[in-house]
Amino acid sequence: MHRIKHALLFLLVGALAFLAVLSPGNAELAIAQTDAASSSTDVRMTQNSATANSVTPNEVNEVAKELWCPLCNGVRLDACELKACEQMRDMIAEQLAEGWDKEQIKNYFIEQYGPQVLGAPPLEGFNWLAWILPFVALAGGGVFLWRTVRRMVTSRPQEAAIAMDGASPSVADEYSRRLEEELKRYG
Amino acid sequence: MIFDIGHLILLTAMALAAFGIVTGYLGGRWRNTRLIQSSFNVVYVVAALVFAATVILWYGLLTDAFQLSYVWNHSERALSPFYKFSALWGGQAGSLLFWCMILSAYGAVVAYVNRDRHRALMPYVNATLLTTSLFFLVLLVFAADPFKRVGFVPPDGQGLNPLLQNFWMILHPVMLYLGYVGMAVPFAFAVAALLSKRLDNEWVRTVRRWTLIPWMFLSAGILMGSQWAYMELGWGGYWAWDPVENASFLPWLTGTAFLHSIIIQEQRGILKVWNIVLIWLTYFLVILGTFTTRSGIIESVHSFARSDVGPYFLVYLVLILLGFLWLLFDRLPLLRGEHSIDSFTSREAAFLANNWLFAGIAFATLWGTFFPMFSELLTGQRISVAAPFFNQVNGPLFLLLLLLMGVAPLLGWRHTSLSAFRKQFTFPILAGVAVGLLVFLFARSFYPIIGLAICAFVVATIVQEYVRGVIARRATTGENALAAVAGLWRRNGRRYGGYIVHLGIVMIGVAVIGNEFYQQSLSVTLARGESAQIGRYELVYDGMISERKSNRIEYHALLNAYNLDSGRRVGVITPQRNIYDKTPDMPTSEVGLHVTPFEDVYVVLNGWESGGASATFTIYINPLTLWMWIGGVVLVLGTLIAAWPHPTQRRSEVVRSLAYATGDD
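First to last, the protein sequences are chains D and H. 1 is the number of the first residue of the first sequence in my numbering; add one for each residue after it. 188 is the number of the first residue of the second sequence in my numbering; add one for each residue after it.
Excised from the complex, chain D in its bound form (with noise of 0.2 Å):
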């Protein structure tokens, strides 16, 4: 008990420290970041250019719906009203009328603008560990469950015996002996 109690007044300095750390080093890179995402919209959109090739508003936003705005956040692409956004329903609805699909189109966009069009991290090296962790956790705390609540099942007839003595201080010493063990095994 009294390690795990100075192991964790252990990592308080240790944060603290890293924050103090942190925070001047974060400054630096504050200045160099310009702001992205200040474009902004005009009412009086119109979807002109391409709609001459006979490519309907309607087949772009089939595509369009897709993909994802790349300088907001969560905002779909059929839907953003930035300049940029706007451009890029365009090209869509230029690479319709050259009889592109809807497959080479996304490509198209991923390869321009990197994987923040998808909306979904990419099943590729890293971002595998954005799909699989929810669901190795989700499985994890199964199993933990499933196996308490099976040796509680089990245990049964035994429950009263604990509970006659429950108070005495050697059941406590055994249940936090337990309990640090397992912390060690699952944590």
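No wet-lab data here; the hints were simulated from the structure. The reader is advised that the hints may include incorrect statements.
What the hints assert, rightly or not - A partial selection of chain H residues facing chain D, derived with a Cβ cut-off under 8 Å:
1) A536
2) S562
3) Q568
4) S571
5) A574
6) F704
7) Q706
8) S708
9) L713
10) A714
11) G716
For each residue, glycine too, the CB sits at the ideal point set by N, CA and C.
With the hints as your guide, set chain H onto chain D.
Chain H in isolation, oriented as in the chain D frame:
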């Protein structure tokens, strides 16, 4: 002058809060009545002071005191008084002040209500709530001063963000904050229980209502935010899984899990550690959510350093994480369960599964929200994690949760016998299968069939429970069916109110399924007199009108809507664009709606040419969306039934355990 006083008030409140923490803690430890009384007094005075500071800022906003940087940045002369008032939560410093005001008000109410109760816990509750207040007061004094001066008196302000000038934006933040901040109260009781070593069920019983009410506000706030996004953002949806939304949803998930798992602790005396961890997690996520929305750390790691409040939040988060873990490990030997779980087919086990899913969804959401930050830090690659990710990961988990919502209440405590199983499940399963088949005939895709079948199953379980309850009551009292339902609510509001909440959740689920899987959309440019057809509706464009308002020009497009099935005109749909004088490059959209119980016709005005000779629209058919808002109202009503204090519910311990033994409650 008055604004200097405002600053001084905050400074005083900060010092007092620090003092109150000490008196509360020491008073609780030494059981010193005078110290304890002093902690109560501090709670009241801090609440009064913070309220006074808020009133002063309101005064500044309403009297156009542009010498204040906050007023200058978030208001203007032409703004209607309504929005001047709500500009309090339109920017950083103001919303932090608002946060702090609600927190200290909660603190005062909790202290007042419990002034003669929970003698051992209350001093620590006061100290814990004051600690949170202190943190926000430190922010207000050192990092985000709402009374900061510009240095001169500008002739006019820069205006409130046009997106926030919407009716729902007045109500939504208030509700959200009431819910969000209120979660600090059950957390304070948990900390008090740990500090005072009174780890029996006293704190759990006390916080149930103190969790239900904030939970209700939080749920309503989240739904109002969805309503706002639906009406204002114009992309046909109501929930985008963006970091700000997730920040409000995360504590809701853990808070909901907590509301369920404390029932097991009350009934069976187990899960004591887990409950404390859950409520701490909820509190932690509340602070984390405020941190992420206030510092912009998710959008970009770099904007974090630009924010004044970010580092403070990070320090506080680390402190509550480590401080809490230390306290928990120290008290672990006192948190032993009194019973164990007897069977997999018991209600306890189902509740465990519920907690497992809630925790899993919360983890996936948290992980997805922060993943872009990890990705940027570790690989330098910027990634967006939006709806496709969350829908695919959380969607199946939500379905499981929905199923469990029907199953769990049908299982008995400790163990369910096979005959009880058959008796409980036959009708709901039949109902679910019937609806599943019906959906299969109309639309053969997997998720909606499963989803709607589960919804029907859950509704059937709720109906079955009510019918049985009513029959039982009528057998004993002979009252009519309506009076019997009222009697159920009065005698066992926890259980039967809970079912109403579940019903509300099912309605929201139905709306989500309808929207997610059966939405239709169409983009068209129409000249005056031309028409477009979508689903069973035809819309005829009838030109545009513009209207000058105090701080903006509104442009309305008029569309006559006809129902092709009945051949009748159903009304005029008027999507609208507002161009604000102060921010002409940020026009906002108000969608035009025709709402029916079956579907919404939802029209966005994208743009127009030659004064409205032709205009471009995006038209959506959003099936069943109305049920989301109805479900929200039902959910709130259900929570009120469950939280309503009834004299009959103050049953003695004996009756309580009797109720447990007979499977009642």
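Structure-based check of each hint:
no., hint, in the structure
1, A536, "holds, 6 Å"
2, S562, "holds, 7 Å"
3, Q568, "holds, 7 Å"
4, S571, "holds, 5 Å"
5, A574, "holds, 6 Å"
6, F704, "violated, 14 Å"
7, Q706, "violated, 10 Å"
8, S708, "holds, 7 Å"
9, L713, "violated, 12 Å"
10, A714, "violated, 13 Å"
11, G716, "violated, 19 Å"
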